[in-house]
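Enquirer: Turn these sequences into a full structure, and let the hints guide you.
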Amino acid sequence: QKEVEQNSGPLSVPEGAIASLNCTYSDRGSQSFFWYRQYSGKSPELIMSIYSNGDKEDGRFTAQLNKASQYVSLLIRDSQPSDSATYLCAVNRVNDMRFGAGTRLTVKP
Amino acid sequence: ETGVTQSPTHLIKTRGQQVTLRCSSQSGHNTVSWYQQALGQGPQFIFQYYREEENGRGNFPPRFSGLQFPNYSSELNVNALELDDSALYLCASAQENTQYFGPGTRLTVL
Numbered sequence: 003q004k005e006v007e008q009n010s011g012p013l014s015v016p017e018g019a020i021a022s023l024n025c026t027y028s029d030r031g032s033q034s035f036f037w038y039r040q041y042s043g044k045s046p047e048l049i050m051s052i053y054s055n056g057d058k059e060d061g062r063f064t065a066q067l068n069k070a071s072q073y074v075s076l077l078i079r080d081s082q083p084s085d086s087a088t089y090l091c092a093v094n095r096v097n098d099m100r101f102g103a104g105t106r107l108t109v110k111p
Numbered sequence: 221e222t223g224v225t226q227s228p229t230h231l232i233k234t235r236g237q238q239v240t241l242r243c244s245s246q247s248g249h250n251t252v253s254w255y256q257q258a259l260g261q262g263p264q265f266i267f268q269y270y271r272e273e274e275n276g277r278g279n280f281p282p283r284f285s286g287l288q289f290p291n292y293s294s295e296l297n298v299n300a301l302e303l304d305d306s307a308l309y310l311c312a313s314a315q316e317n318t319q320y321f322g323p324g325t326r327l328t329v330l
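Protein sequence lines correspond, in order, to chains B and V. With my numbering, letter number 47 in the first sequence gets 49, and the count goes up by one each step, no holes. With my numbering, letter number 40 in the second sequence gets 260, and the count goes up by one each step, no holes.
I should point out that these hints are in silico values taken from the structure, not numbers from a laboratory. Values in this document were obtained by computation on a predicted structure and should not be read as measured data. The C-beta atom is built at its ideal place from N, Cα and C for all residues, glycine as well. Be aware that one or more of the hints could be misleading.
Unchecked claim - What the simulated footprint calls covered on chain B by chain V, stretch by stretch (three residues with Cβ under 8 Å from a Cβ of chain V suffice, anywhere in the stretch; the number is not a length):
id	segment
1	29–41
2	46–54
3	97–107
Expert: Following this line, the structure appears as structure tokens:
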């Protein structure tokens, strides 16, 4: 079992739709959770962090965390073509961070 | 921009050679981590330094080593390069558990 699992995609949504990205993790001791966006050929950039169960909203982005189910998700509302990228889920344990392989999202105009 | 810089941008080496990659952390960040990202994969954790001491390591062999300097800049050294070491190497500096990535160094091993 991989430590952090994501659907590799590609996930394709029309412009203006909601994109839903999911992630599960195996280590119950994980303490903090992050979503990064990575454009092709670029380094990951932080979108959101979440530390406690529930929802956290930032603009068009909402992160959801359920520690009992070991599940993290990211919702992107009103998706734009500029949101087309690979989205990486990251889970921080003590002194290291583990990433999923990423989900490739395409937003079609 | 995250304020984290890396050099060089690109590098080509041959099998068996040694390479040193450099990272300059964002001001005030005393923790730096290094990652290897192969094409189509997520970043893989190599190791982390906190105040010049290694305090976490992933599943990488000892030929991957590092240093962190008093000004919190950092180096990643890889000895006896193998073809599979070809990847994007990312440095991330951290503040309060949140990591910010540099632009990366693309290493090609021929």
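Enquirer: Take the hints in turn and mark each one as holding or not.
Expert: Consistency of the hints with the structure:
1. Counting residues of the segment 29–41 of chain B whose beta carbon lies closer than 8 Å to any beta carbon of chain V gives 4, which meets the minimum of three for the stated coverage.
2. Only residues whose beta carbon comes within less than 8 Å of a beta carbon in chain V count, and the segment 46–54 of chain B has 4; three or more means the coverage holds.
3. Check result for the segment 97–107 of chain B against chain V: holds, 8 residues qualifying (beta carbon to beta carbon below 8 Å, three or more required).
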